[in-house]
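Going by the working numbering, the sequence shown opens with residue 26, and the numbers climb by one from there.
No lab work stands behind these hints, which were simulated from the structure alone.
Incorrect hints may have been included.
Under the rule of at most 35 Å between Cα atoms (straight-line distance), these lysine-lysine pairs were calculated in the DSBU-like manner [claimed, not checked]:
1. 521 with 502
2. 337 with 224
3. 224 with 212
4. 496 with 508
5. 562 with 337
6. 256 with 235
7. 337 with 69
8. 337 with 502
9. 161 with 62
10. 224 with 562
11. 519 with 337
12. 224 with 192
13. 223 with 235
14. 212 with 256
Between beta-carbon pairs, the in silico distance windows are [as the list claims (entries may be wrong)]:
15. 83 with 237: 43 to 51 Å
16. 305 with 504: 40 to 48 Å
17. 559 with 344: 21 to 29 Å
18. 250 with 125: 32 to 40 Å
19. 302 with 491: 27 to 35 Å
20. 325 with 494: 28 to 36 Å
21. 83 with 305: 40 to 48 Å
22. 516 with 554: 25 to 33 Å
23. 354 with 203: 33 to 41 Å
Ideal Cβ placement from N, Cα and C applies to all residues, glycine included.
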Amino acid sequence: MPEAIVTEQEFLADKKKAKRLGDILVEKGLLTPEQLKIALEIQKSTGKLLGEILIDLGFVDQTAISSALSKDIGVQFLSTLENIIPDPEALNAVPHEVALEYKVVPLTLENGVLTVIVSDPFDIIAVDTLRQLTGKVINTIVAPESEIAKAIDLWYAEEEAFDALVKQALNSARTAEIAAEEPPIIKLVNYIIVTGIKKRATDIHIEPEKNTLVIRYRIDGILYVWNLLPKDLQKSIISRIKVMANLDISESRLPQDGRADFFFAGRNIDLRISTYPTAEGENVVLRILDKTKFITQIDGLGFSENQLNIFKRLLRRHYGMVLITGPTGSGKTTTLYAALLNLNSTDVNIMTIEDPIEYELPFIRQSQINPKAGFTFARGLRAILRQDPDIILVGEIRDKETLEVAIHAALTGHLILSTLHTNYAVAAISRLLYMGISPYILASSLAGVVSQRLVRKICPYCKSSYRASSKEKEIIKTYLSDKIDLAEEFILFKGKGCDRCHNTGYLGRTIITEIFEVNESVSDAITHQAHEEEINKILKQQGFISMFEDGLYKILNGITTLDELLRVI
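Please build the complete structure, drawing on both the sequences and the hints.
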């Protein structure tokens with residue numbers, strides 16, 4: 026039957042509706058309470074519609090608003106199209122270019138009614154166009170725009186087997202003088218990148234061996250071999266990637282770094298590309314940064330309740346320096362971004378200096394260092410201090426100059442958030458003192474330190490229970506005997522391995538953490554240059570939980586495994 030045409034303004038003006046737009050979006054997890062507060066404050070002073078303000082600020086898009094409202098106007102909403110199979114007759118009724126232009130996917134064609142999936146149930150132009158084009162009555166179902174884009178790519182695309190792509194690319198590589206711009210090479214490189222994105226890879230490794238080219242994906246922190254390509258494709262594939270990143274294709278003796286935009290399934294993916302000369306040819310690594318990815322809220326990072334309360338207390342401070350420590354790839358930046366979202370408001374000025382900007386945060390002034398132009402962390406931080414900031418994120422404290430400026434800012438009424446490369450929380454104190462800061466100044470400026478790692482979570486689709494082994498019980502009792510009661514036999518969990526987790530038994534990651542706040546006793550210890558062992562003793566007396574202990578609690582709660590914890594720590 027024909028769909029009811031209702032405008033967003035009419036919907037919002039309907040006083041009979043029980044919930045307001047903002048409440049609906051927050052309830053569905055599409056908007057944070059902090060973001061709603063900002064938008065409502067702006068609405069009071071501008072009088073604009075709340076939906077317009079949310080879109081202008083970049084907090085949500087029209088699709089999110091439309092999806093949230095679809096239930097209330099009687100339109101079916103699908104959160105995913107992964108298992109939906111369209112009617113070929115419906116696909117034939119709507120040309121590919123029309124589907125792309127109006128962001129619609131035909132689903133069924135029955136009794137003169139064409140059902141299409143749209144992202145915006147209020148897009149009257151798209152509905153009228155389809156009605157005139159097909160001569161059918163149009164019925165709509167709502168789905169996220171990203172899902173529609175993926176479905177269009179999947180359902181309209183001509184599926185080419187990977188082997189066929191490789192054969193075509195080989196032919197181009199052997200016949201064309203410069204094959205980087207040849208369609209088969211472009212298709213093959215795109216296939217490699219798209220496959221990595223679909224597999225949730227954070228990095229794609231293209232590694233030359235003596236007789237082959239190895240493609241590996243880093244998924245949940247672990248590298249997996251995906252495929253082996255003929256050695257003859259090595260030069261063409263690497264040249265294509267260099268072209269994408271505007272790198273010098275004639276230079277293979279020196280490392281090069283660049284970036285490229287890659288648009289797939291309605292998402293703009295930022296690729297950070299690095300080449301490095303090896304004995305068998307250039308090694309290439311592509312870091313995948315999905316800037317459209319929704320930043321995790323602070324409550325969803327994986328902090329235990331006690332650790333989270335300490336972290337939130339640190340973020341409520343009006344001045345001082347809060348550090349997130351850990352090795353590369355431990356999720357430090359994600360934690361910092363979640364902290365910024367928690368602090369975001371119209372009554373504070375938040376500014377950042379990063380390398381690189383991994384995610385764009387609405388209502389926050391972000392900038393990226395450019396060492397070649399002389400724009401370093403220290404120089405950028407000095408400039409930010411003249412911009413009337415309240416909260417400053419410094420991507421990383423790498424040198425004494427940056428540290429001195431950051432501490433000066435922390436002592437003069439600014440909350441400073443930054444990262445440091447240390448293996449555990451207390452080690453941050455030794456590292457900062459080693460960089461040449463006086464103990465008294467450090468004790469006065471440092472608010473607290475979080476140290477973290479990422480561990481893989483047990484796959485929920487193949488999760489199973491088992492009785493803990495004697496070794497597992499011994500390890501857990503050794504560390505937690507004074508904190509929890511353990512039965513003689515207790516139950517742990519693991520993943521058996523399935524298609525969803527690529528037979529690894531793990532799917533996704535969470536953090537394990539240790540955190541301390543610089544209180545009076547810790548401050549005194551820093552001032553007197555106490556050894557790490559002494560500071561650890563003070564913290565233990567105050568209930569400090571080590572990262573390993575935090576991991577053990579997550580094992581007992583069925584989140585991860587002992588094998589995974591021992592791998593990471």
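These are the hints, each one checked on the structure:
At most 35 Å may separate the alpha-carbon atoms for a hinted pair to count; residue 521 and residue 502 meet this at roughly 25 Å. Taken as a hint, the residue 337 and residue 224 pair is honoured in the structure, with Cα atoms around 33 Å apart against an allowance of 35 Å. Of the supplied pair hints, the one linking residue 224 and residue 212 holds, its CA atoms being roughly 18 Å apart against a limit of 35 Å. This hinted pair checks out: residue 496 and residue 508 have alpha carbons roughly 19 Å apart, not beyond 35 Å.
For the proposed pair residue 562 and residue 337, the alpha carbon gap of about 24 Å is at most 35 Å, so the pair holds. At most 35 Å may separate the alpha-carbon atoms for a hinted pair to count; residue 256 and residue 235 meet this at roughly 8 Å. Using a Cα cut-off of 35 Å, the hinted pair residue 337 and residue 69 holds, with the two alpha carbons roughly 29 Å apart. With a C-alpha separation of about 30 Å, the suggested pair residue 337 and residue 502 falls inside the 35 Å cut-off, and the hint holds.
Of the pairs offered as hints, the one joining residue 161 and residue 62 is violated, with about 44 Å between alpha carbons and a cut-off of 35 Å exceeded. The hinted pair formed by residue 224 and residue 562 fails the criterion: a straight-line CA distance of about 44 Å is larger than 35 Å. Restraint check for residue 519 and residue 337: satisfied, since their Cα atoms lie roughly 32 Å apart, inside the 35 Å limit. Restraint check for residue 224 and residue 192: satisfied, since their Cα atoms lie roughly 24 Å apart, inside the 35 Å limit.
Distance restraint check for residue 223 and residue 235: the Cα-Cα separation of roughly 29 Å lies within the 35 Å cut-off, and the hinted pair is therefore satisfied. The straight-line distance between the Cα atoms of residue 212 and residue 256 is roughly 18 Å, inside the 35 Å bound, and the hint therefore holds. For residue 83 paired with residue 237, a C-beta distance near 44 Å keeps the hint of 43 to 51 Å intact. Here the CB-CB span from residue 305 to residue 504 is close to 45 Å, well matched to the stated 40 to 48 Å.
Remark: the range hint 21 to 29 Å for residue 559 to residue 344 is upheld by a beta-carbon distance near 27 Å. Against the hinted window of 32 to 40 Å, the Cβ-Cβ separation of residue 250 and residue 125 comes to about 35 Å, which satisfies the hint. Judged by the Cβ atoms, the range 27 to 35 Å given for residue 302 and residue 491 is violated: they are separated by roughly 48 Å. Between residue 325 and residue 494, the C-beta spacing of about 32 Å keeps the proposed range 28 to 36 Å intact.
For residue 83 paired with residue 305, a C-beta distance near 44 Å keeps the hint of 40 to 48 Å intact. In this structure the hint that residue 516 and residue 554 lie 25 to 33 Å apart at CB is violated, the actual value being about 47 Å. At roughly 36 Å, the beta-carbon separation of residue 354 and residue 203 lies within the given 33 to 41 Å, and the hint holds.
Hints 9, 10, 19 and 22, counting from the list given before, are not met by this structure.
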